[in-house]
Amino acid sequence: MKYLILGCGPAGIAAAKAVRGKDKKGEIVVVTEEQGPPYLRPLLTELIMGRADVAGIADPQAQDLADRGIRVRHGERAVKIDSTGNRVVFTDGAEEAYDVLLVATGGKPEIPPLLGKEHPAIHPFDSLEDTLRIADRVPCSGTVAVYGPGFLAIVASSALRKRGNDVVWFQPDKPRTGYPISGELEANILDSVRTTGVRILDGQDIAAIREAGGGIEIESTEKGEKVRCIAVVVATERIPAIGFLSGSGVKTGTGIVVDDYFRTSVPNIYAAGDCAELFDGETRAARINFGWRSALKQGRLAGEIMAGAGKRYVREESDYFWALFGPALLDRIR
Numbered sequence: 047m048k049y050l051i052l053g054c055g056p057a058g059i060a061a062a063k064a065v066r067g068k069d070k071k072g073e074i075v076v077v078t079e080e081q082g083p084p085y086l087r088p089l090l091t092e093l094i095m096g097r098a099d100v101a102g103i104a105d106p107q108a109q110d111l112a113d114r115g116i117r118v119r120h121g122e123r124a125v126k127i128d129s130t131g132n133r134v135v136f137t138d139g140a141e142e143a144y145d146v147l148l149v150a151t152g153g154k155p156e157i158p159p160l161l162g163k164e165h166p167a168i169h170p171f172d173s174l175e176d177t178l179r180i181a182d183r184v185p186c187s188g189t190v191a192v193y194g195p196g197f198l199a200i201v202a203s204s205a206l207r208k209r210g211n212d213v214v215w216f217q218p219d220k221p222r223t224g225y226p227i228s229g230e231l232e233a234n235i236l237d238s239v240r241t242t243g244v245r246i247l248d249g250q251d252i253a254a255i256r257e258a259g260g261g262i263e264i265e266s267t268e269k270g271e272k273v274r275c276i277a278v279v280v281a282t283e284r285i286p287a288i289g290f291l292s293g294s295g296v297k298t299g300t301g302i303v304v305d306d307y308f309r310t311s312v313p314n315i316y317a318a319g320d321c322a323e324l325f326d327g328e329t330r331a332a333r334i335n336f337g338w339r340s341a342l343k344q345g346r347l348a349g350e351i352m353a354g355a356g357k358r359y360v361r362e363e364s365d366y367f368w369a370l371f372g373p374a375l376l377d378r379i380r
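So the sequence shown is residues 47 to 380, counted in our numbering.
It should be emphasised that the hints constitute simulated quantities derived from the structure, not laboratory data. Hints may be right or wrong, so weigh each one.
Stated by the list, open to error - Below are the EDC-like pairs computed for lysine to aspartate or glutamate, each with C-alpha atoms no more than 16 angstroms apart in a straight line: (1) K63 <-> D105; (2) K70 <-> D113; (3) K48 <-> E350; (4) K63 <-> D110; (5) K48 <-> D145.
Produce the entire structure from the sequences given, and follow the hints as far as they go.
Below, the structure is given as structure tokens:
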């Protein structure tokens, strides 16, 4: 039996280990578009603040994959799944066959056109490569604009402020997917962010960007306010990375629609983590449980199911985005 796992984040690694725990002889291949070893994404802001180096945020869960006979292919991004022929095609034309496939590709930021253009002062904040570029190229003094609606923008704003930058956070709207931070928790978080000195432009989007004296001038959508800054950090919402599934027969909504056993609409294809949209048969609703802890739990159970264990996923309050990040997020901001 050959198990192919797309994605080497918490869900993918947990699934690979769970498969090995149940199937001692099966071939397990994990494919990731990241060039380097797996890392702890929640700690990326530690690099921005200079509190850790790359080695300090390495994912300990991934350290013994080779010892367990799990092969990892780096720098490969899936572009097509041939579900009839049981194979995945990658950007360089290479292919990998499978008997059972798990899609654990997580999410990718959706960047608005104004901020998607190549510019030395515009920096996406998503991957390790992005973070190292921000730490290296954005000075520790001067005004930085942060753009985004939710969690990533919160932690990015806090980290930049702690390193010495003046920060203006453009908060255009609430996240469209996952579990939006709301109510009392939202109020507490925003108060904590403001207390650190971050200026929040709540409900304001970016209408225009132009060069201004070696930096950038941003014009907001409300009253045409202009903000001059040395850099823009784009910390937008992460949307499930599932574009390569077109034509595969796998049913998708915002994410990959799965049941309580992480099964997709194609019998030998599963999905887990931030790209999986779990359908609740009781409420008839589908939702995505964003977060590291949720991805670990889903990946482990999916791996066991793929190897024949058959344990049903039970939703718990602790899996929800807001419950997972609430207190910890407040601690990180303060």
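Now for the hints, and whether the structure bears them out:
no.	hint	verdict
1	K63 <-> D105	holds, 14 angstroms
2	K70 <-> D113	holds, 12 angstroms
3	K48 <-> E350	holds, 14 angstroms
4	K63 <-> D110	holds, 10 angstroms
5	K48 <-> D145	holds, 5 angstroms
When each numbered hint is compared with the structure, no violation occurs for any of them.
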